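Visitor: Listed here are the chains, written in short residue letters.
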Amino acid sequence: MILEGCRLITDWLNDGTNGVNALLTTTPRDGGDSQPANLASIVDATRDGNVARLRLPETLPGIAVVPLPVEQLQPHVVVIDCEGELQLAIRVAISKTATEQGFRDSSYYLRTIIRSLRRFNAATNAPSSRQRNNIYLEACSELRMVQLWEATEDSIVTGAVLATYHVRDMLPT
Amino acid sequence: MASAYLTSDLDAFFADPFFSVPVVMGAESTRGVFDFEDVVRQDTAGLDVLVKHRVLTIRTGTLSAALKAGATLTVDGVGFTVHDTNRQDDGLLTDVVLVT
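Protein sequence lines correspond, in order, to chains W and A. Numbering of the first sequence is given in the numbering used here, commencing with residue 1 and proceeding in unit increments. Numbering of the second sequence is given in the numbering used here, commencing with residue 174 and proceeding in unit increments.
In case anyone wonders, no lab produced these hints; they're calculated from the structure. This structure is a prediction, so every number in the text was calculated from the model and none was measured. Any given hint might turn out to be false.
Straight-line Cα separation of at most 30 Å, DSSO-like style, residue types lysine-lysine; simulated pairs [stated by the list, open to error]:
| # | chain 1 | residue 1 | chain 2 | residue 2 |
| --- | --- | --- | --- | --- |
| 1 | A | Lys225 | W | Lys96 |
| 2 | A | Lys225 | A | Lys241 |
| 3 | A | Lys241 | W | Lys96 |
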């Protein structure tokens, strides 16, 4: 359930049509702001060792999809599937000596992540793209964008979109 | 107010080439103690971030007021950008936070 959720979202964010780099060109920007660089890596904790060890991707700017607790799993045995709430942190990180530029670019990345996820969540999106190994991301119940964070002693700026998905295991036994 | 003893001790400390390294900012120069370590911080999402903690400690006042965020300098020949400055303890020392 954790693996499937991470990989479904990561693959979507990497998608050539609906992914973050693909949508970055059309994310509205203030005049004078150049387009942020394409993300060098969009990886998750099941396929990237650094992210699995709770580190940022090796190459920045990058996105790391990290699983948070899965809650409210149904323990009942009388139903044929098992549903719960899967939480994912979609972290974005950039290294910029000019902190304000890091904030600026991170803000555009986060907005673009939301745009990409809204396409993933759309009813018009084929269910097959939301399903993997009989795990189905049925609906997104919450999206939150956390405050950007800057390391005072480094040039790193991080931010995150916290997404909660209603997830269904269609083969729980 | 710093005593003359403390001032002379600091002079001797920063003059010691085993502890200190040359620092050059434009036409100004001094010596400082450079520390570099990786430290784990938590960001606002509550997740870990490994950051590079580079701090140069100099005697306060040995570089001019141009020493501020955005200034560039070299430490032992390596270029850095100043990210922050913080006076320490009695104000005789200044920690200069550096980034590349």
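Visitor: All hints, please: hold or fail.
Guide: Taking the hints in turn, this is what the structure says about them:
Distance hint between Lys225(A) and Lys96(W) is fulfilled; the C-alpha atoms sit about 13 Å from each other, no more than 30 Å. The suggested pairing of Lys225(A) with Lys241(A) holds, with an alpha-carbon distance near 19 Å, which does not exceed 30 Å. Proximity of Lys241(A) to Lys96(W) is assessed by CA-CA distance (about 17 Å); at most 30 Å being required, the pair is judged to hold.
The structure meets every hint from the earlier list without exception.
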